[in-house]
Amino acid sequence: MYAVRRWSVRHARAMEILYAGFERVLIAMQPLFRLIGYERLEKPVALVERGVKGLLFDCRMCGDCILSSTGMSCPMNCPKQMRNGPCGGVRADGYCEVKPDMRCVWVDAWEGSKRMRRGTRIHQVQPQLDARLQGRSSWLRVVREEKTRMTGTVSGQ
Amino acid sequence: MTHIDAPPDGSGELRGLSSDGRLERVLKSSQFAITAELAPPDSADPEDVYERARLFDGCVDAINATDGSGANCHMSSVGVCALLSRQGYSMVMQVTCRDRNRIAIQGDVLGAAAMGVTNILCLTGDGVQAGDEPEAKPVFDLDSVSLLRAVRMMRDDAHFLTRRPLSTPPRVFLGASVNPFVPPHDFQIHKLEKKIDAGAQFIQTQYCYDLPMLEDFMAQVRARELHRRAYILVGVGVPSSAQSARWMREHIPGLHIPDSIIERLERAGEPRDEGARICVETLQALRDIEGVAGAHIMAYKREADVAGIIDRSGVLADRELR
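Residue numbers (the UniProt record's numbering), protein chains in the order written: chain Y, 1 to 157; chain H, 1 to 322.
Please note that the accuracy of each hint is not assured.
Stated by the list, open to error - If you want a taste of the chain Y side facing chain H, the calculated C-beta under 10 Å gives, among others:
#1 F22
#2 R24
#3 K80
#4 A92
Since the hints were derived computationally from the structure, they do not count as laboratory data. The beta-carbon is built from N, C-alpha and C at its ideal position, and this holds for glycine as well.
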């Protein structure tokens, strides 16, 4: 919902702290996830993730969440799905070129980032999205990547 | 001054240059560079392209071939570049992410480089709602920054995004756009830096009709020394009348024209001449701003006036014209 989405950006700092705690819990649950099996968990976890993040951020389930790098404003709500900052068409009032009734998600992202402790992440270059991840859980992916990072099974992460 | 891209002289690479093109050499030798936009025809006749290109003979360092600008259908930038390359012109091929995915774009980059395109401008592109095909499906598989990163990877690391190797990488000078005139104002400098980090070597800005605003932006550029990492060519236009300026302000996304410019056109007896004067004055002002490396002229429907305007401005006085 648009109003809730805007609220989340205004409370980007609180969201950042909340998520940092949540991520620790997720990673702690790794052995359990492995026991049940990631593929078996995919559907139910994605359903919960869609519900929670859909409400808070109008999440589009791109499967590669970068909310922590975009001031808690979901870049997939940009009609051009820009993941590296605003386009050159932002209106003088800060609204979207394509949807004049919507504030540019990157105007919000920049404001949200300024509220966050690690807001400078907005300056990182984001590579192109893997379209196969659409609809899949970012949370499970974080846990899996953490696992590979710790065991070193995949390099270059 | 010649218009033609010098072919590599057999020895292969020019030292310290990432392309074999004229634009990069002019910029790296600290000369004020001029690029101009060619309006692509709604036609399948090559002569329509050559006719438009000839208007810029001897007065620009490269011609920009737009890629469906304003999300309108025209001859493709690849097509225009293919034609111009046959006559030895120096081109900036514009690539947008609106109509093609990464498979198509990477293929076009190789094809273009093989034809002799030495400059590529990486853009996200206007939304489809802005043009004459609002029912089209927008692609946006990449954005301007991930596109820059992808083409740089092809050139410097000699592989596709998938890491599949290229036997001959494309030798291209990489460009990006920046719009210092729209919100979020304090973020634009960071966006510029991000584009440079991703591979941009030259920048062409949106139309500049607000010099004080540009000065502010350039002060930020100098403070972060970004002008030492990329060449900034400022976009200039040639307005024809107050009405058309107003129309453009309302209909072209991201275009900022202050009321003072529109009033000036309104007061003028000959608004077309006044528009040309505005362009001449802007060019002269740009030459004196530290960190501005050149100008990019977008003279929509006034391409025939470009040579005269450049001449009057004197920005190329240190070079031999024609």
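For each hint, the structure was consulted:
no. : hint : verdict
1   : F22  : violated (28 Å)
2   : R24  : violated (30 Å)
3   : K80  : holds (5 Å)
4   : A92  : holds (7 Å)
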